[in-house]
Amino acid sequence: MIGNWLDIGPVTQIEPGTARTLPVVGGEEIAVFHTMRGEFFAMVNACPHKQGPLSQGIIHGDVVACPLHNWNISLRSGKALGGDEGCVPTIPLRVDAGRIYLKRSAVVAPRAQDADANAKAA
Amino acid sequence: MNAPVNFEANGRSPGQRQRLVVIGNGMAGCRAVEEILARDGDRFDVTIFGAEPRVNYNRIMLSPVLAGEKSFDEIVINGQDWYDDNAITLVSGDRVDHINREAKTVVAASGRIEPYDKLLIATGSDPFIIPVPGKDLEGVVTFRDLDDVDKMLAAAEAGKANGGGDAVVIGGGLLGLEAAHGLSLRGMKVTVVHLMPTLMERQLDEAAGWLLKTELERRGQTILTGANTKQILGADGKVAGIELADGTKVKADIVVMAAGIRPATGLAAAAGLDVERGILVDDHMVTSDPDILAVGECVQHRGLCYGLVAPLWDMCRSLADYVTETPSGFEGTVTSTKLKVSGIDLFSAGDFSGAPGPNGELCEDIVMRDAARGQYKRVVVRDGKLVGAVLYGDTADGNWYFDLMRSEADISDIREALIFGQAFASGGARLDPSAAVAALSDDAEICGCNGVSKGKVLSCIEGGAHSVDAVRATCKASASCGQCTGLVETLLTLSLGSEVESGPKTMCKCTSFRHAEVRELILEKGLREIPQIMQELHWTTPDGCSSCRPALNYYLLCAWPGEYEDDQKSRFVNERMHANIQKDGTYSVVPRMWGGLTNPRELRAIADVVEKFNAPMVKVTGGQRLDIFGIKKEDLPAVWADLNAAGMVSGHAYGKSLRTVKTCVGSDWCRFGTQDSTGLGVKIEQMTWGSWMPHKFKIAVSGCPRNCAEATIKDFGVVCVDSGYELHVGGNGGIKVRATDLLCKVATEEEALEHCAAFIQLYREQAWYLERTAPWIERVGLDTVKAALFDDPETIGRLAARFRYAQQFMQDDPWAKRAAGERADLHNHIATVRPLELEVVQ
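Those sequence lines, one after another, are chains A and B.
Sequential numbering from 664 applies to the first sequence in the numbering used here.
Sequential numbering from 61 applies to the second sequence in the numbering used here.
Some clues are possibly wrong.
Restricting the straight-line Cα-Cα distance to at most 27 Å, the calculated cross-link-like pairs of lysine-lysine (DSS-like) are [what the hints assert, rightly or not]:
hint, chain 1, residue 1, chain 2, residue 2
1, A, Lys-742, B, Lys-643
2, B, Lys-311, B, Lys-298
3, B, Lys-536, B, Lys-569
4, B, Lys-679, A, Lys-713
5, A, Lys-713, B, Lys-569
6, B, Lys-629, A, Lys-742
7, B, Lys-569, A, Lys-742
8, A, Lys-742, B, Lys-445
9, B, Lys-643, A, Lys-713
Just some of the chain B residues that point at chain A, by a computed CB distance under 8 Å [said to hold, decoys possible]:
hint, residue
10, Leu-583
11, Arg-609
12, Ala-891
Calculated directly from the structure, the hints in this document are not laboratory data.
Quantities reported herein were computed from a predicted structural model and do not represent experimental measurements.
Cβ coordinates follow ideal geometry from the N, Cα and C atoms, glycine included.
Isolated chain A (complex conformation) (with noise of 0.2 Å):
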């Protein structure tokens, strides 16, 4: 189990209603978010629109607002919510005994899209 998801330490590394970043060598930088529910999020730090760092948005419900055009995109489901179009790649990602972790695969090559990967894993 363990070796299928990376370790990317403890939940109070990042504060309720905030965001951290995990730059990836080589590939894309991830956006790991906590929101103000207490639930975590993992998906690549660029809004489709122009690539803004959605770690840096307003993160309110489970939704982020791009922090460069206020594009609101689900943190759910990657995708950008009301009249705009596009999908950020997520991360499935698990919380156990106070941890965070990202699943391995999809760290190197975001690309997965795979929706309710998170109940499964679990």
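Dock chain B against chain A, hints included.
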């Protein structure tokens, strides 16, 4: 694993029966045995091992025992006679240490070896002990069994001698709050420390959690949310208090760890059974060994672990059906929590996280808040079905919502009325909502706050009130809490059809209030926190959006200087990072240069920063500053440290705040200069820097009417003349150029400074968020601004004093704090992933 096993149940006399050994004398283990006995009393010889030295009791009722509402005898489920009557061997106080699957035996701590044909693991869960220094001190307890309750009662008893004693409960979930409630009733001073920002975040959303927190605080408990326990402090080997990550210390005679539970899987894992978070079982509660079953909190079924009683009962039924050869199968269940904490009614059920359905169907929230009654209701609808509900204060409809969820009923027809509950929905369900309003009698109350009837609203509309605003102005309906705005709108539409005049837009889609109303209500009702505003003013979303959150944060900052704690989560990126984000995600940095003056030391420091951090561009801005481009977010604190070292502070080029004071050289050098414009500009900038405003604010001081500093397109401009200073306001050089209006003329520098402070404060208090001075003055009119400043000769002084009071909390260089290491989490990466070895490098 799913095929029924062929049981060899022939004979059936004692001794020839199959041997069922149960590990765990708790609720799930005993319930499973009860269910099996009810189906077939002759099938098994049953032996139950329990680690606790007592009979089977209802663990859920430990809270009332702690609170003094029940005795232990009252919470026993099965007394010794039950074991005797059913010929069950109870081995209590003897923990099973080992399962030998080959020999089909279990070995207990005492050395007792018990053979089995079927083994049932019902080990439940273990409290999660947060791994902090001091966790093993005497006086640190969990809240899991009767021994824990006895320890807490002893602490409360000991505390009585010295005025109650202090208790800290780590964990603000259901268990923690029950422990806190019980200890509080026993006379202890209780502090609850919760890691997450919301109490009971798994059952409640942010809004309901905030209501709960407020109510518990009103009842004397101290609730610290977002609080990370760093260590437990001890004295003489006993607990003395705790220390949080932010350095806060809380005194404690007892510390209760209620930070969560984890399935107790150790025994199963050691025996080689398949274990993930819990012991893996199929729909019949069979583990990866066909002769070993597991049930209760220790199992993981279809990816889920359950911690509530109802699903455990369902598991026990499926297990009993299976071992008595009438398999049914557990398919998982929707869980609901209905509970009272300190007499507060709470209910939550289903999935209220807002997750999309299996085919990507999106969720819709329906929120109703009733501030007067302290109620909050939220239901979540997905694909025409109710999937989740959170109720606070009034849980009467909880069961109805729960039934709708379990039956997956199509609620499309009653959607409009769903939030009002069963009575309303089944009564007027299929009516269209406007027909329901039309059907109301004339004396039906529309606005509860101001006691306005439907007849009165209608007569207002007939009398010419053709907008919500006009109705509010004439009969007060919907003018207070705003909850009946929808009803008033419906009455307008019913009376006038398409002639309804739509008023100015509301603040955002989360509220029916407009900016001005929100600002007034913050002061009138004394609202001091964002969640409080959202509750009292009936926000329709749980935690707002990226439009209203920054606005509310500013309004609170302006209303309660020195008291309100700035909410970084509600700040736009530039104000959170204290730099300007650029299109490639890097930042630009503008150090402050007072009045546009600089010197060799500052210039050298800037040049050094540009080289050291490889900044690709430096540019002189329109506000007479130097802008350093292309700085990475993780380098910002180091850049600021270098600039601070040369005496420079944040230039706030990124904020809805005072930006720059632009000056010309003035009478010191210029042959046309009439006054010391540079000197005045520096003084104004020193007075105004760091202030947060509705929008960016630019100032300029020109030394003569030639106006080289372009003061007449600034928010506040000073043009020096021989006889004194002309003060201009409301200029803008942006998309729509607007020249300033002349506000007044004053004779001295002191007066110019005082008027500047007063005008800024008036703008801060009256403009809407994201409204520059130019549109603000166009909206309210220059005469109104002048009247507000000059009608009463004391107003200028009072406004200026309020501005100076607020400034004492604001003139604190934000760069210096970050350079010193504050909020490093906002700048640093969590780690870097190197795919070759796939290891995280911290």
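Evaluated hints:
no., hint, result
1, A:Lys-742 x B:Lys-643, "holds, 21 Å"
2, B:Lys-311 x B:Lys-298, "holds, 12 Å"
3, B:Lys-536 x B:Lys-569, "holds, 23 Å"
4, B:Lys-679 x A:Lys-713, "holds, 24 Å"
5, A:Lys-713 x B:Lys-569, "holds, 25 Å"
6, B:Lys-629 x A:Lys-742, "holds, 22 Å"
7, B:Lys-569 x A:Lys-742, "holds, 20 Å"
8, A:Lys-742 x B:Lys-445, "holds, 22 Å"
9, B:Lys-643 x A:Lys-713, "holds, 8 Å"
10, Leu-583, "violated, 25 Å"
11, Arg-609, "holds, 6 Å"
12, Ala-891, "holds, 6 Å"
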